[in-house]
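Asker: As you go down the protein sequences, you meet chains B and X in turn. Our numbering numbers the first residue of the first sequence as 245 and each following residue consecutively. Our numbering numbers the first residue of the second sequence as 5 and each following residue consecutively.
Just so you know, these hints were derived from the structure itself, not from any lab. By construction, the Cβ of each residue, glycine as well, lies at the ideal position given by its N, Cα and C atoms. Be aware that a few hints might be false.
[To be verified] Pairwise CB distance ranges (calculated):
#1 Leu28/X to Arg332/B: 25 to 31 Å
#2 Arg330/B to Ala114/X: 39 to 45 Å
#3 Gln333/B to Ala21/X: 30 to 36 Å
#4 Pro153/X to Arg330/B: 32 to 38 Å
#5 Asp339/B to Phe152/X: 38 to 44 Å
[Claimed, not checked] Here are some, though not all, of the chain B residues that point toward chain X, as calculated from beta-carbon distances under 8 Å:
#6 Ala257
#7 Ile262
#8 Phe309
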Amino acid sequence: MRTPISYFLVLSALLFSIGTVGVLVRRNALVIFMSVELQLNAVNLALVAFSRMHENLDGQVLAFFSMVVAAAEVVVGLAIILNVYRRRQSASVDDASVLRG
Amino acid sequence: MPLDNVVFWVFAPVSVASAIAMLLQRNAVHAALFLIVNFFTISVFYLVLGASFLFAVQIIVYAGAIMVLFLFVLMLLGVDRDEPLIERLKGQRPMAVLLGAGIFLELFFAIRAGIGFATKAPAGFDETVNRGGNAAALARVLFRDYFFPFEVTSILLIIAAVAVMVLASRQAPAITRAEQATAAAAAEAREPEPAP
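Whenever a hint applies, use it, and build me the whole structure from the sequences.
Answerer: Right, here's the structure in full:
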């Protein structure tokens, strides 16, 4: 493989930053959740790139675990969003402001 | 130009473009579709990096299961209308973009300081680490060194499944006083006192 590992890391950093901006900018709770998924994937890419660089599979195993955790997290998060939507008829995070002092 | 370099330069712009398109897309369903494109490009990078098992898992679990779940919830809620562009906090969007750029620059310089831009991966990954196939090699590491964490994730998945059943069931108890009052009133209206 002739591509330097840092290219993958820079790409992963770029995707992570885009995901961060998505979490901060978007109003729809579902799209915010998708941005979190993008961040998780960016980190997974970095893990796999490091696994390739250091010539062992620990990074890939970690990426595998993070996928499992992400799957669990998505399911619980979507159920919470579903509940909030049933209560307020809106998935916008701006409307979920009853705790504001 | 070596082949993996070509693959990288073809798929990296697609990956970044689909991520930015997801960010800018006001319709949530379109954003989900762009995210699926992004997951596919990431799976291609896994293949280039010699993680062929994760390549398959990425497509099946992320692009398949998780995104289908997202689209399912989107359709169930019917929130596929466009997002309003009003800002509740003044100047939040420019600040967010600025912060994102800051995070990227920080990571960029951290990568430059940490491993440099010229470091290439050692050759022969498939012959040494991935001997006997990536899935078999990964299974050896997973079931020897990471067996306990692996079992813990299975418990985590069971907990998540139970939690979703609890969260998504319809008979949610009333939480606030006002909700309890309205629930009681509704119950009373539904079941009038039996006539004597």
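Asker: All hints, please: hold or fail.
Answerer: Each hint, compared with the structure:
no. : hint                             : verdict
1   : Leu28/X to Arg332/B: 25 to 31 Å  : holds (26 Å)
2   : Arg330/B to Ala114/X: 39 to 45 Å : holds (43 Å)
3   : Gln333/B to Ala21/X: 30 to 36 Å  : holds (34 Å)
4   : Pro153/X to Arg330/B: 32 to 38 Å : holds (35 Å)
5   : Asp339/B to Phe152/X: 38 to 44 Å : holds (43 Å)
6   : Ala257                           : holds (4 Å)
7   : Ile262                           : holds (4 Å)
8   : Phe309                           : holds (6 Å)
Against the hints set out earlier in the document, no violation occurs for any number.
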